[in-house]
Amino acid sequence: MTKTEYKALRFTRIHVENWRNFTHADAELQRRVFLVGPNAAGKSNLLDVFRFLLDIASVGGGFQEAMRRRGGVSRIRSLAARKYPDIRICTHIGNDENPTAWAYELSFTQDNQRRALIKSERVARNGTEILRRPDVKDKSDPERLIQTHLEQVYANQEFRDVSDFFASVRYFHIVPQLVREPDRSVGKQNDPYGGDFLEQIARTPERTQKARLRRIVEALRVAVPQLKELDLERDAKGTPHLRGRYEHWRPQGAWQNEEQFSDGTLRLMGLLWATLDGSGPLLLEEPELSLHPEVVRFIPQMFARIQRRYGRQVLLSTHSPDMLRDEGVGLDEVLLLLPGGEGTEVRAASKFTDVRELLAGGLTLAEAVLPRTSPRNVDQLSFSFAD
Amino acid sequence: MPPEHPLVISGAVEGPTDETVVRRLVKEAGGSLDRVYGKSGKSNLRQRLAGYNRAARHAPWVVVVDLDHSADCAPPFCEDWLPQPSNHMRFRVAVRAIEAWLLADHERLATFLSIPAVRVPADPEALDDPKLTMINLARQSRRRGIREDMVPRPNSGRHVGPAYTSRLIEFVETEWRPEIAAERADSLGRCRMRLKELIDDWIPEA
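For the record, the sequence lines run as chains A and B.
In this text, residue positions in the first sequence follow this note's numbering: the first is 5, and each later residue adds one.
In this text, residue positions in the second sequence follow this note's numbering: the first is 148, and each later residue adds one.
Okay, chain A solo, but in the shape it has when bound (with noise of 0.2 angstroms):
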């Protein structure tokens, strides 16, 4: 497999059943994803999906250590399970041309020492089944159901790629104040809160450094039209900090560094480094958060155009109907979010009829779709907390 198709593989689709808010969720996905849905619906549940084959796959991880994060099977298990308590999760990688190049599925429950025990694990390449546990070898040693062959470099040689592939995913929620004090993250090592973000960047080799610097800025134009240039320096104590210079009444202009640096033009800093930094899919939590409505119209800009380079896939939450005012963002790039009483349902915007046409007619796609994402009989919430 050469480098460019590596890069170029996604997830395509995601089936889980019974995982967290999700008793069976099933969607294609797009190498954009928008998951829409009110509060609670379980957008960060779902992308914690990913971020759980990660913890598996990545060094330092695991499947119990995975859980561990999570707080055992039973945190995760949907609270809407009855009749079918494994919990499930399946999804297949490739790109356009090969949809299914690849196949992982993962089930689960816990023993009753409430460890996490896998079910079953298999893998497919291209449609044929390479790997298929519980194997003989399981079976005569049960012990061995507690660890995935995902995670073990001696068993997962034949699908070492779609090991890697879930390693090289990255999540991402940027909390400025953590980016400004770097003390309360100390020895954190890709935090995705931001708190070792500095740290980061002054981490990668200079060219790279600057290279990326330089396209920040120019990406910020839109937001940030002050802005005219970008470095990292270090403080007599070795601290990195983030310097920007602002076109300002005098001639040098000014220069600032992090502390400075507004909410939103940090978080947005972190977004593009992110973005340019790996090549794997992408995880964001509301990126929205702290910018001004009209940048948040052109992230899904933004992102297209780093796709088209990159071949990177980026699923992303979001609560903001300005996301979604771009007419490029694509029916089947929205994933709806629904709340009901067996669980939350995920369908893309693409399968509901009546929104082509409520585009048609001059609504935008957030006004389209987001009535769709309010839960139905909220009242009845109350009810059900009577005696």
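Think of the hints as simulated: they come from the structure by calculation, not from any bench.
Cβ coordinates follow ideal geometry from the N, Cα and C atoms, glycine included.
Certain hints may be false.
Computed footprint of chain A on chain B; a stretch qualifies when at least three of its residues, placed anywhere within it, have a C-beta under 8 angstroms from a C-beta of chain A [stated by the list, open to error]:
id	region
1	179–193
2	301–311
Not everything, but these chain B residues come out facing chain A in the computed CB check (under 10 angstroms) [to be verified]:
id	residue
3	G162
4	P163
5	R204
6	G292
7	E295
8	D296
9	R314
10	I346
11	I350
Given chain A's structure and the hints, the job is docking chain B onto it.
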């Protein structure tokens, strides 16, 4: 040389591409587009037009709207939408859509899209759907980037590609020549003329 203190003008448009176009036109006429309202589609703009028109009693305003198929030509459309424009209101109509103004600089557009210039229609204002023409031209581009950004994917259910808007904005900001385009797009020529008058004849209120 741009004037030291250009006249500050407010504007309202249908979307971000139109904003970039109007910004360039105002700047070219010697003004500066300050606040831009609307940008949420045509019907939204229409609902707020009365408010913009009131504001234009006291300060210079420009509103640009696509004619589309709302009327056969611009005059009845203006009569319908804004029968009594305020003194400082310049209500302009793009025939039939702002894309026609961009198609009108056929040489630069052909270079930008990487297509032969002869493929760009010579009379963009006669086009039924200039946006569709733009997309069909992009479809013929020799550059994959243009095609993937501007042409919609088959199952997207949309009329434009994922980065259509930002490509057009890039074109307007870097390549487009309004003075050349005005030769092939009459509604653009009129818009430029009215903006120039607005700015040149402006007498600040005491």
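Task: Hint numbers not upheld by this structure, sorted from lowest to highest - done: 5, 10 and 11
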